[in-house]
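Visitor: If you want the building blocks of each chain, they are given just below.
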Amino acid sequence: MVLSRLNGLGDDELVGELNEIARKCRIEIVKMVYRAQAGHPGGSLSEIDLLTALYSTQLRIKPKEPKWHDRDRFILSKGHASPGMYAILAEMGFIQHTDLESYRVLGGICQGHVDMKFTPGVDFSAGSLGMGLSFGIGCALASRFDNSERECYVMLGDGEIQEGSVWEAMMAAKHHELGNLNVILDCNRIQNDDFVESQMRMFSIPDKWISFGWNVKEIDGHDMKEIVEGLRWLKENNEGPSVLIANTIKGKGVSYMENNPKFHGAAPNEEQYEMAMKELGE
Amino acid sequence: MNMTELAASRDGYGNALISMSGDPKLVVLEADLGKSTKSCWFRDKFPERTVSCGIGEQNMMLVAAGLASSGFKPFASTFAIFTERAFEQVRNGICRPNLPVHICGSHGGTHTGTDGSSAQSIEDLAIYRSLPNMVVMHPCDDVSTEILTKKLLEIKSPSYTRTARNKTPRVYDLDDSRIQIGKGVKLRSGSDVAIIACGVMVSKSLEAAKKLSERGIEATVVDMHTIKPLDEELVHQLASECKLIVTVEDHSVIGGLGGAVAEYLSENIPTILRRVGVRDRFGESGQAEEMLELLKISTNDIIDSVLEIKEKV
Ligand SMILES: Cc1ncc(C[n+]2csc(CCOP(=O)(O)OP(=O)(O)O)c2C)c(N)n1
Ligand SMILES: [Mg+2]
Chain P
1 MVLSRLNGLG
11 DDELVGELNE
21 IARKCRIEIV
31 KMVYRAQAGH
41 PGGSLSEIDL
51 LTALYSTQLR
61 IKPKEPKWHD
71 RDRFILSKGH
81 ASPGMYAILA
91 EMGFIQHTDL
101 ESYRVLGGIC
111 QGHVDMKFTP
121 GVDFSAGSLG
131 MGLSFGIGCA
141 LASRFDNSER
151 ECYVMLGDGE
161 IQEGSVWEAM
171 MAAKHHELGN
181 LNVILDCNRI
191 QNDDFVESQM
201 RMFSIPDKWI
211 SFGWNVKEID
221 GHDMKEIVEG
231 LRWLKENNEG
241 PSVLIANTIK
251 GKGVSYMENN
261 PKFHGAAPNE
271 EQYEMAMKEL
281 GE
Chain E
1 MNMTELAASR
11 DGYGNALISM
21 SGDPKLVVLE
31 ADLGKSTKSC
41 WFRDKFPERT
51 VSCGIGEQNM
61 MLVAAGLASS
71 GFKPFASTFA
81 IFTERAFEQV
91 RNGICRPNLP
101 VHICGSHGGT
111 HTGTDGSSAQ
121 SIEDLAIYRS
131 LPNMVVMHPC
141 DDVSTEILTK
151 KLLEIKSPSY
161 TRTARNKTPR
171 VYDLDDSRIQ
181 IGKGVKLRSG
191 SDVAIIACGV
201 MVSKSLEAAK
211 KLSERGIEAT
221 VVDMHTIKPL
231 DEELVHQLAS
241 ECKLIVTVED
251 HSVIGGLGGA
261 VAEYLSENIP
271 TILRRVGVRD
281 RFGESGQAEE
291 MLELLKISTN
301 DIIDSVLEIK
311 EKV
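Line order of the protein sequences matches chains P and E. For the first sequence, my numbering begins at 1 and goes up steadily by one. For the second sequence, my numbering begins at 1 and goes up steadily by one.
Chain P extracted, bound-state conformation (with noise of 0.2 angstroms):
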């Protein structure tokens, strides 16, 4: 694991860390988007718990060489979702905390949406939606070029797969049987104007997954417990393509923004970013 701390606890004490280093970069978020009074708050705070899983104790990764050519890839396919991404890069060292300053500020390292020209430890330069899939893999087929061991996962969102180019990846990644390439769903069941409901049905996504022939298993994106279960059942499971759907609240760990499709691109103006720091015990 990349923090060494992490070695060898039991099971709850590593829940218990896992769920302290989340609510760390739940505040760093919130100050983020406060900060710029820009940016996407809900589906980064959706997202955090199964970021902080993967990164601390599944991937396989090199913070102070970021560009380890064996390091397992992670694609934040929503790019716009950066926030959460920028707070777990600076809890694993590859930026500075200092760094996360610089969100969506001229010239900083923090781009407003995710870009691997500019944030060591960005594997994909993303923004526009259902892209993602495709580059991992390529990803996934240059590691089995290579004859590595890395592992490729890419999060996506629930109103991103709606994209057309989603679902093509999805057949490719079939055909090729890419056992090494690992889908997160947040299914936080809400995207930028309103719910995924009202936008665009997408009835039983699970069955859509498994009907173009992928491994599927559904978890709360909110339990550690059952994070970390699904993510080791995502590498251990290598026989064709996987995703693990993540059931998971928009703007989760802020009561205000959970549920509220308002914030999924909207800063908190004072007064709610003080009760934001109170309810994540800043």
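None of these hints come from the bench; they were simulated from the model. Owing to the predicted nature of the structure, the values given are computational and were not obtained by experimental measurement. Idealized CB from N, CA, C, for every residue including glycine.
No more than 30 angstroms apart at the CA atoms, straight line, and that leaves these computed lysine-lysine pairs for DSBU-like: (1) E:183 with E:296; (2) P:208 with P:174; (3) P:208 with E:35; (4) E:35 with P:262; (5) E:45 with E:167; (6) E:150 with E:25; (7) E:167 with E:211; (8) P:262 with P:208; (9) E:45 with P:262; (10) E:35 with P:31; (11) E:151 with E:45; (12) P:117 with E:296; (13) E:156 with E:228; (14) P:262 with E:167; (15) E:73 with E:25; (16) E:156 with E:183; (17) E:210 with E:228; (18) E:312 with E:296; (19) E:167 with E:150; (20) P:62 with P:24; (21) E:167 with P:31.
Per label pair, the in silico range of CB-to-CB distance: (22) E:71 with P:269: 46 to 54 angstroms; (23) E:6 with P:146: 52 to 60 angstroms; (24) E:46 with P:204: 25 to 33 angstroms; (25) P:197 with E:96: 32 to 40 angstroms; (26) P:262 with E:154: 36 to 44 angstroms; (27) E:154 with P:258: 43 to 51 angstroms; (28) P:106 with E:6: 18 to 26 angstroms; (29) E:44 with P:106: 31 to 39 angstroms; (30) E:6 with P:98: 31 to 39 angstroms.
Starting from the known structure of chain P, fit chain E with the ligands onto it as the hints suggest.
Guide: Here is chain E with the ligands on its own, set in the frame of chain P:
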């Protein structure tokens, strides 16, 4: 021209949809960015004539084409950059059969806020200009956007209109009769140089002209809201009157307004020209005004370009 009120051109698009709603053939399509492009105002009032396409721009463009082929008048919007994802659908499914689908790309250019380069469309005018049958517009304020959008109902071909995210000075008074598709508007007259601008750069050009006047240089400023068909008559006239031309756009210097004007001039009336625009690079995160400075398309850069070519003659 008051230039004291601030408004965003995307609001003009939202207003136009509402005021055209009396036409029963009008339909509005969105791809999960209605709150941003302002088609949401229409959706709130006329949900039965608003088609949600989810986050699926390619699908949206061809759904619009099908509606147009059946006699409807579809207006489809998303961010300028995400219309580009459906470029080939627009090319083959809309422009080739010449179906009157009206596309609006909001948040165009680099004047978009802090989202960064993935959201900054600096090539939309160029790529849509390259398509046969396509009308391409980039109005400078909410008033002209509303007027021009409404006039689209009169044309038989497809169109692309770029609007901007941020509030900028309102250039026109309501009901300005000079605003016609395909006709540039002379906002200021001067015989030393002609500045031809579009979009958010029109008010910047007027600002530059004012400062140049303090230095004894009188500039004509034209709002060339229609990039295609280009108002060639006006460009010709400006070239013969002023001898020097500067184009200004929040867009790549390749293929947009500057490209269109350069093509016309060099084939018909060779004239000294400077193109103020993005010099073949991507932007990054930053405030809108910071971005104009970083990319060298601010008011001062317009002034510098004018001074530079003045020196040439
Ligand atoms: C191709 C494309 N179309 C539209 C957008 C604008 N946009 C940014 S975020 C978003 C909603 C995303 O929803 P979802 O994937 O569910 O993300 P989350 O809820 O996790 O924030 C939209 C439409 C975009 N970034 N890319
Ligand atoms: Mg979502």
